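These protein sequence lines are chains A and B, in that order.
Just so you know, we're using this note's numbering here: the first sequence kicks off at 1 and counts up by one.
Just so you know, we're using this note's numbering here: the second sequence kicks off at 436 and counts up by one.
It should be emphasised that the hints constitute simulated quantities derived from the structure, not laboratory data.
For clarity, every value in this text was computed on a predicted model and none was experimentally measured.
Even for Gly, the Cβ is constructed at its ideal location relative to N, Cα and C.
Treat the hints with care, since some could be wrong.
[Unchecked claim] Computed footprint of chain B on chain A, listed as stretches where at least three residues anywhere in the stretch have a Cβ under 8 Å from a Cβ of chain B:
no.	segment
1	194 to 207
2	226 to 233
[Claimed, not checked] Output of the computed footprint for chain B on chain A, the stretches with three or more beta carbons under 8 Å from beta carbons of chain B:
no.	segment
3	90 to 98
4	254 to 266
5	339 to 347
6	428 to 434
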Amino acid sequence: MGIFRGKRGFKLWIIMLLLLSAACSNQSNDHRDASQEVILDFMVTTENLSDRLKKVIENYEAATGNKVEIQSFPSTEYNNILKTKMMSDDGPDLFVTDDIAMAQFANPRTWFTDLSSEEWVTRLSPGGKQMITWNDGQITGLPITNPGGFGLMYNKDIFEEVGITELPTTWEQFLDICETLKKAGYIPINIQLANGSEFGTTHLMHQLFANVELTRQDKIQAFYEGLNTNQIKLADVSEYQQALEQMVELKEKGYTNDDFMSTSFDMTQERFGSGKVAMHPCGDFVLPPMLANYPDLRVGFLPAPFNDTPGAAALYAGVGISVNAKADQKAAALEFISFFASKAQQEQFMSTAPGTNVFADVKAEHNMISQDLQVYIDQGRAFMLLAGKMEPWPEMEARKAMQEMMLGSKTPLQFLKEMDQKASIIAKGKKLEGW
Amino acid sequence: MRMNAKSAIRYPILFIVPALVIYMIFFIYPTLSGFYFSFTDWNASSTEVKFVGVQQFMDVVQNPDFTLALKNTFLFSITTTLGKNIVSIALAVFLTTALLTRNALRAVYFSPAILNIVAVGLIFQGLTNPDIGFVNHMFRALGLDWFAQGWISDPKLSIHVASVMEIWRATGITMAIYIAGIQNISRDYYEAATIDGAPAWSKFRYITLPLLMPAVTINVLLSLIYGFRMFEGIYFLTQGGPGTSSEVIMTMVYKYMGQGLYGYSTALNLILVVIILIFSFPILSYLRKKEVEG
Numbered sequence: 001m002g003i004f005r006g007k008r009g010f011k012l013w014i015i016m017l018l019l020l021s022a023a024c025s026n027q028s029n030d031h032r033d034a035s036q037e038v039i040l041d042f043m044v045t046t047e048n049l050s051d052r053l054k055k056v057i058e059n060y061e062a063a064t065g066n067k068v069e070i071q072s073f074p075s076t077e078y079n080n081i082l083k084t085k086m087m088s089d090d091g092p093d094l095f096v097t098d099d100i101a102m103a104q105f106a107n108p109r110t111w112f113t114d115l116s117s118e119e120w121v122t123r124l125s126p127g128g129k130q131m132i133t134w135n136d137g138q139i140t141g142l143p144i145t146n147p148g149g150f151g152l153m154y155n156k157d158i159f160e161e162v163g164i165t166e167l168p169t170t171w172e173q174f175l176d177i178c179e180t181l182k183k184a185g186y187i188p189i190n191i192q193l194a195n196g197s198e199f200g201t202t203h204l205m206h207q208l209f210a211n212v213e214l215t216r217q218d219k220i221q222a223f224y225e226g227l228n229t230n231q232i233k234l235a236d237v238s239e240y241q242q243a244l245e246q247m248v249e250l251k252e253k254g255y256t257n258d259d260f261m262s263t264s265f266d267m268t269q270e271r272f273g274s275g276k277v278a279m280h281p282c283g284d285f286v287l288p289p290m291l292a293n294y295p296d297l298r299v300g301f302l303p304a305p306f307n308d309t310p311g312a313a314a315l316y317a318g319v320g321i322s323v324n325a326k327a328d329q330k331a332a333a334l335e336f337i338s339f340f341a342s343k344a345q346q347e348q349f350m351s352t353a354p355g356t357n358v359f360a361d362v363k364a365e366h367n368m369i370s371q372d373l374q375v376y377i378d379q380g381r382a383f384m385l386l387a388g389k390m391e392p393w394p395e396m397e398a399r400k401a402m403q404e405m406m407l408g409s410k411t412p413l414q415f416l417k418e419m420d421q422k423a424s425i426i427a428k429g430k431k432l433e434g435w
Numbered sequence: 436m437r438m439n440a441k442s443a444i445r446y447p448i449l450f451i452v453p454a455l456v457i458y459m460i461f462f463i464y465p466t467l468s469g470f471y472f473s474f475t476d477w478n479a480s481s482t483e484v485k486f487v488g489v490q491q492f493m494d495v496v497q498n499p500d501f502t503l504a505l506k507n508t509f510l511f512s513i514t515t516t517l518g519k520n521i522v523s524i525a526l527a528v529f530l531t532t533a534l535l536t537r538n539a540l541r542a543v544y545f546s547p548a549i550l551n552i553v554a555v556g557l558i559f560q561g562l563t564n565p566d567i568g569f570v571n572h573m574f575r576a577l578g579l580d581w582f583a584q585g586w587i588s589d590p591k592l593s594i595h596v597a598s599v600m601e602i603w604r605a606t607g608i609t610m611a612i613y614i615a616g617i618q619n620i621s622r623d624y625y626e627a628a629t630i631d632g633a634p635a636w637s638k639f640r641y642i643t644l645p646l647l648m649p650a651v652t653i654n655v656l657l658s659l660i661y662g663f664r665m666f667e668g669i670y671f672l673t674q675g676g677p678g679t680s681s682e683v684i685m686t687m688v689y690k691y692m693g694q695g696l697y698g699y700s701t702a703l704n705l706i707l708v709v710i711i712l713i714f715s716f717p718i719l720s721y722l723r724k725k726e727v728e729g
């Protein structure tokens, strides 16, 4: 061990330290070679690195000569890796977050570049703009999965068979339809509340909750501000209680499946696809796996009515791509987003996965659910879901409490009071104003 | 060759330092930083981390789910510790007799231990599904409809189903340790007892059990600690549901970590560590006193 002693040893230690510090130093300079080629770092979840997204990247590289270096990680690890990189100022130029609207609550806002003054923003449709705009008016991303809405998917063949020719516009009419379906031997509405699959039922809750936008139209911003600052409690919102009571009524009248506590996502797919149930609460993301097994299925989409109104749909924004506020290659990253937002790229992007698009000038093919949803968006009857509006909304807790409410061990009011308690824990933990 | 005093001390230090550095970086530092973060408001939506002192712990114990999760954690830990050890001692005694099929049976009883706990959770989810699960189908086929229960869908039963699953999964490995312990007991004791006319129960009570106490100590302690910090089994079987009926401390830790409340969930975790320490040391001390030399 004598080599590390004396003057020679001291020099060796210094060389080792220099090598170590070089190995640990920021790698950003590596991204500019002699020819000044720009290399964009792009972090994405493996699940969302679709072929159509790869095609956009390929087109961008061909058009600009820049390179996009993709770093994909499974969603289970993605958030932790992104956080570590962002916190050590070693974040990628471009990154994705789960739902664009919910990203405003799940991540530090300082990560995101505000894109609201970009030229392409003027081309957004009113509905599309609503979907991807944060509470504070910022636009921070573009969807890389199709945005959509929650409501009830219904089997058109079953509706026709039992003679339902017009969609219900009031809750009473909706109950009549359920009665008709039940008498014909069908389960009117499939409720999916097995552990791990509860989201299938909170979709219906979110859709019914969205009606608060219609009942409080011009006071809606103040309403959400009240929820976010603890001035309004969920338990005091009569529309929310009414929405939950409607859900319980469906169960009590026997219009839902008895085995909802053991009904999983896969069971739902089989039941709906094989024509055992007439309606199921969901978004259009359930379609591709269902149509793969039941290609002849004909489905439509309607929001469950609310009291004496046709009801509103709840929107979600989809997984979004954003520009790191501290990006090394910010100009190129913004250029990539503009390229992706172009009409030609968006139309090519939508061509392989039909659905809702956020741009007004993009000719995108719809799927069976999104074409009906578009009608509600155009009529101004579709609104961002509560989880995208209320920062401390406890979505995971709501899913579990939904089980108890549908089992009858909690009333709708108790459900909302519990959500108030859980929201308070999240809000206090995040040190939100007013809590 | 003689070494001087400096050389004699240098070599042990050179061997210790790398291991110590790794231990400090990967164990001491994360443990201490975890301890520190439990006193902060560290969360996902802010880049600032502020020291909040014991307020975090007060918030945690006031959480309406905390009491139930704590109760379930104790219930799960105690039930699985008793179940795993009683069943595996019985199996170990049975499988150390002169049974022709004992090696095959040992393999059969040990096999659940090699399964991934996530897979076990999903298997039990399928088995105990109240409508399409094997368990209820079997009861109904036997005309025992009364026994067909809601299992994991029933808030009163879900935590017990999770306990049964863990007992089934881990009994094999506990049994293997007991078998090794029994095989180490000298046959002379049993021969002497046989000559004295001692019945089987007396041989077990006065020879096997006392001489098996070192294995009991390790198995009870491991079962208890594993039970307290159980997460995967419950998460993949019930996800803490229905509602919060099978919530345990570790599923709460996971939930709040997922909601971005890192400081809060670290505080919950620290409470669990303290509970484990409070219960493990007296039990270890008690069981060590019961151990006898063979």
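Here's how the hints hold up against the structure:
Only residues whose C-beta sits within less than 8 Å of a C-beta in chain B count toward coverage, and the segment 194 to 207 of chain A has 4 of them, enough to reach three; the restraint holds. Counting residues of the segment 226 to 233 of chain A whose beta carbon lies closer than 8 Å to any beta carbon of chain B gives 0, which falls below the threshold of three, so the coverage claim is violated. By the rule of at least three residues with a Cβ nearer than 8 Å to a Cβ of chain B, the coverage given for the segment 90 to 98 of chain A is violated, with 0 such residues. Coverage of the segment 254 to 266 of chain A by chain B holds [criterion: at least 3 residues with CB-CB distance below 8 Å; count 3].
Chain B is given as covering the segment 339 to 347 of chain A, and this is violated because 0 residues of the stretch bring a CB closer than 8 Å to a CB of that chain, at least three being needed. Counting residues of the segment 428 to 434 of chain A whose C-beta sits closer than 8 Å to any C-beta of chain B gives 4, which meets the bar of three, so the coverage hint holds.
Going through the hint list in order, the structure does not satisfy hints 2, 3, 5.
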